[in-house]
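Listed here are the chains, written in short residue letters.
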Amino acid sequence: AQSVTQLGSHVSVSEGALVLLRCNYSSSVPPYLFWYVQYPNQGLQLLLKYTTGATLVKGINGFEAEFKKSETSFHLTKPSAHMSDAAEYFCAVSEVGSNDYKLSFGAGTTVTVRA
Amino acid sequence: DAGVTQSPTHLIKTRGQQVTLRCSPKSGHDTVSWYQQALGQGPQFIFQYYEEEERQRGNFPDRFSGHQFPNYSSELNVNALLLGDSALYLCASSLPSGYEQFFGPGTRLTVL
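Taken in sequence, the protein lines are chains B and R.
For the first sequence, this note's numbering assigns the number 1345 to the initial residue and increments by one for each residue that follows.
For the second sequence, this note's numbering assigns the number 38 to the initial residue and increments by one for each residue that follows.
Watch out, some of these pointers could steer you wrong.
Dumping the calculated DSSO-like pairs for lysine-lysine here, alpha-carbon to alpha-carbon at most 27 Å [to be verified]:
1. R:K50 <-> B:K1393
2. B:K1402 <-> B:K1412
3. R:K50 <-> B:K1402
4. B:K1413 <-> B:K1402
5. B:K1412 <-> B:K1393
6. B:K1413 <-> B:K1393
Partial list, computed: chain B residues near chain R (C-beta under 7 Å) [claimed, not checked]:
7. Y1383
8. M1427
9. A1431
10. F1434
11. G1441
12. S1442
13. Y1445
14. L1447
15. F1449
16. G1452
17. T1456
18. R1458
Worth flagging that the hints you see were computed from the coordinates, not collected in a lab.
We treat Cβ as the ideally placed atom computed from N, Cα and C, and that holds for glycine.
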């Protein structure tokens, strides 16, 4: 069974500073990996995904994430935070090559950006 | 290109009542999944529908049921509502491979 752990339920950064959100997964095989963002009172928007190929994945709004199989991690980064990045971020996994179609989500990390 | 739409936006019910939530998938998608997101938590998988059949189910009681129509739209039904059913219910659509899912804005259900 897959599981996702997001380290840190709240992250506060200054505008212009690095954003780093941590995600570790547990899976019997390397899964597909996703980061979603959720703004208040809205649904989930896909930021980026890793399926196969290059382990450094670039997404929307300047975010990127790196898949590290040896560390079972998929941390999300953005070099320079903007006020509009204040939101909740979810890491999710999906099992590959099985009859398990669901996304399994972490508990989320709330990002606040200080002016 | 219309994305995933859900109705209603908000809903208030009392304990013991029944509720139906609706979802229309993104154009070209034929697979619909439902998730429950309690306050302060990540979404939890309820079930997925494909070809009008429940293809996979999460750890939710039988009070939660669903349906998919020939036009791929879907309903989520919850019977005998409990206070703990208060949550944001998210619908997601995808192609049959299912690994990339597109989410709707959700329906906020409050049970009093």
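Could you work out which of the previously given hints the structure breaks and list their numbers from low to high?
1, 3, 7, 8, 9, 11, 12, 17, 18
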